[in-house]
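Asker: Sequence:
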Amino acid sequence: MSEQCEYLKDRCAELERALRESEKKSLYYQKIAQQTGDIRLRETEMLSRLVEKHKRTEEDLRKANKDLRDTHIQLIQTAKLASLGELSAGVAHELNQPLMVIRSVSQIMLRKFEKLSSEQIREQLTNIERNTKRMMNIINHLRTFSRQTPSEMTAVDVNRIIEDAFLMIGEQMRLRNIHVEKIFEPNLSACYGNSNQLEQVFLNLIANAKDAILEKMTYADDFAGRLEIITRTSPDYQKVIEILFKDNGIGISSEYRNKLFDPFFTTKDVGKGTGLGLSISYGIIKEHQGSIDVMETSSDGTTFRIMLPFQVGIVKAEK
Numbered sequence: 001m002s003e004q005c006e007y008l009k010d011r012c013a014e015l016e017r018a019l020r021e022s023e024k025k026s027l028y029y030q031k032i033a034q035q036t037g038d039i040r041l042r043e044t045e046m047l048s049r050l051v052e053k054h055k056r057t058e059e060d061l062r063k064a065n066k067d068l069r070d071t072h073i074q075l076i077q078t079a080k081l082a083s084l085g086e087l088s089a090g091v092a093h094e095l096n097q098p099l100m101v102i103r104s105v106s107q108i109m110l111r112k113f114e115k116l117s118s119e120q121i122r123e124q125l126t127n128i129e130r131n132t133k134r135m136m137n138i139i140n141h142l143r144t145f146s147r148q149t150p151s152e153m154t155a156v157d158v159n160r161i162i163e164d165a166f167l168m169i170g171e172q173m174r175l176r177n178i179h180v181e182k183i184f185e186p187n188l189s190a191c192y193g194n195s196n197q198l199e200q201v202f203l204n205l206i207a208n209a210k211d212a213i214l215e216k217m218t219y220a221d222d223f224a225g226r227l228e229i230i231t232r233t234s235p236d237y238q239k240v241i242e243i244l245f246k247d248n249g250i251g252i253s254s255e256y257r258n259k260l261f262d263p264f265f266t267t268k269d270v271g272k273g274t275g276l277g278l279s280i281s282y283g284i285i286k287e288h289q290g291s292i293d294v295m296e297t298s299s300d301g302t303t304f305r306i307m308l309p310f311q312v313g314i315v316k317a318e319k
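Residue numbers (our numbering): 1 to 319.
These aren't lab readings, by the way, just hints derived from the structure by calculation. Note that the structure is predicted; figures quoted are calculated from it, not measured. For every residue, glycine included, the Cβ atom is placed at its ideal position computed from N, Cα and C. Mixed in with the good hints, there may be bad ones.
Unchecked claim - Within a straight-line C-alpha distance of at most 27 Å, the following computed DSS-like cross-link-like pairs (lysine-lysine) qualify:
no., residue 1, residue 2
1, K133, K55
2, K259, K216
3, K133, K112
Unchecked claim - Using C-beta positions, here's what the derived DEER-type ranges look like:
no., residue 1, residue 2, range
4, K286, R111, 56 to 64 Å
5, S299, L99, 35 to 43 Å
6, L116, Y219, 49 to 57 Å
7, K182, K115, 41 to 49 Å
8, E181, A155, 40 to 48 Å
9, L99, F223, 16 to 24 Å
10, N96, E152, 19 to 27 Å
11, E296, N96, 22 to 30 Å
12, D300, F113, 49 to 57 Å
13, N96, L244, 40 to 48 Å
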């Protein structure tokens, strides 16, 4: 499917070149027709044929662009479902924790119900309600995330989206003793984007950071895994939000750094990675008129940086 996207991109570029050439010729023959009137009938007929060809090229370009958009949406959905497969064990842990709390509280109430005061019963029932609500939030969010959504852009809260991502991966980080620190700029300006797609990007970066930290844990003694996520208004660019994902994992080898965003490239073992994550993330951020890059990497860890404009229509950040 990724190859189909590349083919459609090349086809759109080819049609756009043909369209520009057609427009040049059209202007040339229109000028001749205006100057010569009916004397140059042949040129006028050529102009008519050229206009017809121009219309066909425009229609082909519209169709190719639509096919490209549809294929890209399908590719995003494929990558999303693949990431859900990898996250499924973690989601089970997320649901298991409140389920165990509910079970324990229920067992206590069954055994000691007659000895409990009304205040104690109320406290235990509140505990059950809180944990069932947490489970409902996780399940509802999982349903929303897995659904194929149109690529509509609205004003979104980046801090909220990152918090939502941890509904599905937070327990995995805790169980593996990876400390997560979120340093969010309060009252951060909203940016225009698709919250579902942005969450897919954030989940991918968090999962990659987790894997890099776990790999380092296999050989580094007394190593404490750490992921720091920072959101802020860019100190270097106007009307741009910066999101930094800083892990202290194994880092990225220099030979792989230029291939990270290539489709199907992965350094993970077979069955542990599709190679779609960063490629799809790159495409999503590009559609949001932003950028994603490796800010720094070494044996001490890696920092990924995402830059998103406040408003639709800012093609690139202005210094």
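Asker: Next, verify each hint and record whether it holds.
Answerer: Each hint, compared with the structure:
The hinted pair formed by K133 and K55 fails the criterion: a straight-line CA distance of about 57 Å is larger than 27 Å. A C-alpha spacing of about 21 Å is found between K259 and K216, which places the hinted pair at or below 27 Å, so the restraint holds. For the proposed pair K133 and K112, the alpha carbon gap of about 25 Å is at most 27 Å, so the pair holds. Between K286 and R111 the CB atoms are about 58 Å apart, so this pair conforms to the stated range of 56 to 64 Å.
Checked against the hint of 35 to 43 Å, the C-beta distance between S299 and L99 comes to roughly 40 Å, which is consistent with it. At about 51 Å, the CB distance of L116 to Y219 agrees with the hint of 49 to 57 Å. Between K182 and K115 the beta carbons are some 42 Å apart, a value that agrees with the proposed interval 41 to 49 Å. The hinted range of 40 to 48 Å is not satisfied by E181 and A155, whose Cβ atoms lie roughly 27 Å apart.
Checked against the given bound of 16 to 24 Å, the beta carbons of L99 and F223, roughly 32 Å apart, lie outside it. Taking 19 to 27 Å as the suggested C-beta distance range, the pair N96 and E152 does not conform, at roughly 34 Å. A hinted range of 22 to 30 Å for the beta carbons of E296 and N96 is inconsistent with their spacing of about 37 Å. Taken as a hint, the range 49 to 57 Å holds for the pair D300 and F113, whose Cβ atoms sit roughly 55 Å apart.
Look at N96 against L244: about 31 Å separates their beta carbons, and that is not inside 40 to 48 Å.
Consistency with the previously given hints fails for numbers 1, 8, 9, 10, 11, 13, ordered from lowest to highest.
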